[in-house]
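Colleague: Sequence:
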Amino acid sequence: MRRSLLAAAGLLLAAPLLASVGPAATAQSPQAPKADPAAPITLWAPSHVTAFAFRHRTWTDLGLRVIAHGAPFELWSQRPSYDDQIQTVWHSAAGDVPLPAGSMSDFSGLDRFLKITIDPKKRGEDTLTMTRKGCLNGYSERVDPNADPRSPYPVGCWYNAYSLGSVQGIQAGWATPVLSQSRPLRIGPGEYTVTATIRSRYAEIFGISPDEATRSLALTVTDERGGEAASVGRHRDLARPAAHRPTGPAGRADEGGPQPDLRSLPAWGISLNKKGTYLRFSATVWNAGDSPLVVDGFRRDGEDLMDAYQYFFDAAGNQTGYQPVGSMEWDPRPSHSHWHFEDFARYTLLDADQTQVAKSKKEAFCLANTDSVDLTVPAADWRPENTDLSTSCGDYSSLSIREVLVSGWGDTYSQYRAGQSFPIADLPNGTYYIAVTANPEHKLVESSTDNNQSLREIRISGSPQHRKVTVPQVGIVHEEGYGGQG
1 MRRSLLAAAG
11 LLLAAPLLAS
21 VGPAATAQSP
31 QAPKADPAAP
41 ITLWAPSHVT
51 AFAFRHRTWT
61 DLGLRVIAHG
71 APFELWSQRP
81 SYDDQIQTVW
91 HSAAGDVPLP
101 AGSMSDFSGL
111 DRFLKITIDP
121 KKRGEDTLTM
131 TRKGCLNGYS
141 ERVDPNADPR
151 SPYPVGCWYN
161 AYSLGSVQGI
171 QAGWATPVLS
181 QSRPLRIGPG
191 EYTVTATIRS
201 RYAEIFGISP
211 DEATRSLALT
221 VTDERGGEAA
231 SVGRHRDLAR
241 PAAHRPTGPA
251 GRADEGGPQP
261 DLRSLPAWGI
271 SLNKKGTYLR
281 FSATVWNAGD
291 SPLVVDGFRR
301 DGEDLMDAYQ
311 YFFDAAGNQT
321 GYQPVGSMEW
331 DPRPSHSHWH
341 FEDFARYTLL
351 DADQTQVAKS
361 KKEAFCLANT
371 DSVDLTVPAA
381 DWRPENTDLS
391 TSCGDYSSLS
401 IREVLVSGWG
411 DTYSQYRAGQ
421 SFPIADLPNG
431 TYYIAVTANP
441 EHKLVESSTD
451 NNQSLREIRI
461 SGSPQHRKVT
471 VPQVGIVHEE
481 GYGGQG
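Each residue of the sequence shown is one higher than the one before, starting from 1 at the first, in the UniProt record's numbering.
Please note that the accuracy of each hint is not assured.
[As the list claims (entries may be wrong)] Under the rule of at most 35 Å between Cα atoms (straight-line distance), these lysine-lysine pairs were calculated in the DSBU-like manner: (1) Lys359 - Lys275; (2) Lys359 - Lys274; (3) Lys443 - Lys361; (4) Lys468 - Lys359; (5) Lys361 - Lys468; (6) Lys361 - Lys275; (7) Lys275 - Lys468; (8) Lys274 - Lys361; (9) Lys274 - Lys468; (10) Lys359 - Lys443.
[As the list claims (entries may be wrong)] Pair by pair, the computed Cβ-Cβ distance ranges are: (11) Arg55 - Ala101: 21 to 29 Å; (12) Leu399 - Asn318: 21 to 29 Å; (13) Glu255 - Asn451: 17 to 25 Å; (14) Ser271 - Glu342: 21 to 29 Å; (15) Ile476 - Asp395: 37 to 45 Å; (16) Tyr139 - Thr195: 20 to 28 Å; (17) Thr376 - Gly475: 13 to 21 Å; (18) Gly188 - Lys275: 37 to 45 Å; (19) Pro246 - Glu342: 42 to 50 Å; (20) Glu191 - Ser397: 45 to 53 Å; (21) His478 - Thr376: 18 to 26 Å; (22) Asp254 - Glu342: 22 to 30 Å; (23) Ala94 - Ser397: 52 to 60 Å; (24) Asp144 - Asp211: 18 to 26 Å.
Keep in mind the hints are simulated off the structure, nothing from the lab.
Bear in mind the structure is a predicted one, so any value in this text is a computation, not a measurement.
Where is the CB? At the ideal position from N, CA and C, for every residue including glycine.
Generate the whole structure from the sequences, applying the supplied hints.
Modeller: Written as structure tokens, this is what we have:
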């Protein structure tokens, strides 16, 4: 299953001047508060927020923002291996400052970053107290008129269970939402007083005074039947593929220029169907190279088939050539209904001797940036949805499309997709490996093909009527924590 709603990807060349979106709740427009000059970030909140409840649950970010002062506020997080905890470093103006071990259990944000208390105004009711994770990447907005007109940082803490690195950042003079709306507040209609505090373990490291780390606001929650929550959308100008298929000799002007590097993560989300006859799985292929993978398709006249071409770019984003790389086909199945690029990846099941015993019917893909895998690689694109080169899976009437996988991001397909499984009814019990192989026919140009395959060990047991699958854990990774975006 796609774990994000990203529909655009490409080079960081033509980002909009502003990336400004307000909270789902109604709130005042933020203004930069008077801050301690030594504090790199401060917490901000409006005086009043209105939100809407449904079945005693309220979705709101409370209008809470973190504002960066003086210089960009930037955190880099990396996992040396799947056996190691995530290590996070604050790139401060005075030098790198490591955060305590355990500050991030996954790449969705800082653990236990905010303490929030909600006081009902009704007598006799208890105060609701909670701690929440903080993602410092959001749909940020400029609050200082002298600030840089563009923010380079990611929009959201996108991640995969097997991600390797991330970047969180706030541009100087910009504010970003810090509280995710993915988890509702367990409160119903009423009037409340909310107090939010950056917890001391972080405030002390970042040099934030208690006054700048705490904010209070009034919260009004109404039943959703009394009104509709504000809805603010993001409008993006998606780049179009080339107007026509390329002409002239194939190749590129700079053979040693930037190239993508496709790699595979371990298969995950592994299970059997109810009858125990099919092994289902999820798989991610990502780009660790210093260039996006850009594939344009051009429809053949009167056919449900497109000719595919890979385009090449230099470090400045200038196109330097192209190469035919196969074709794209229209997939009419309900869980797809879009154009698929063939020869992007292959899924096979290997026995204990690593000999192929089954092959997935999933052989074509719509490329999209669904998972942030490692935003610390050189040339990683931190904001793929705001760039000039865009991903589109198209519809049946499309004459041409562009599919893109940018540096640092992966494309995930989950087990509910048609063909995303292996038939195992006739296989004996034993040890097997799910092999995820990127660029199996080597039609795509990339910097290395030695790192294209990953193997995930599984064990099949049980009787023919009651098959079971056991999946040994990889390092310290807990797959059930996979969430897509923090």
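Colleague: Flag every earlier hint the structure violates by its number, smallest first.
Modeller: 11, 19
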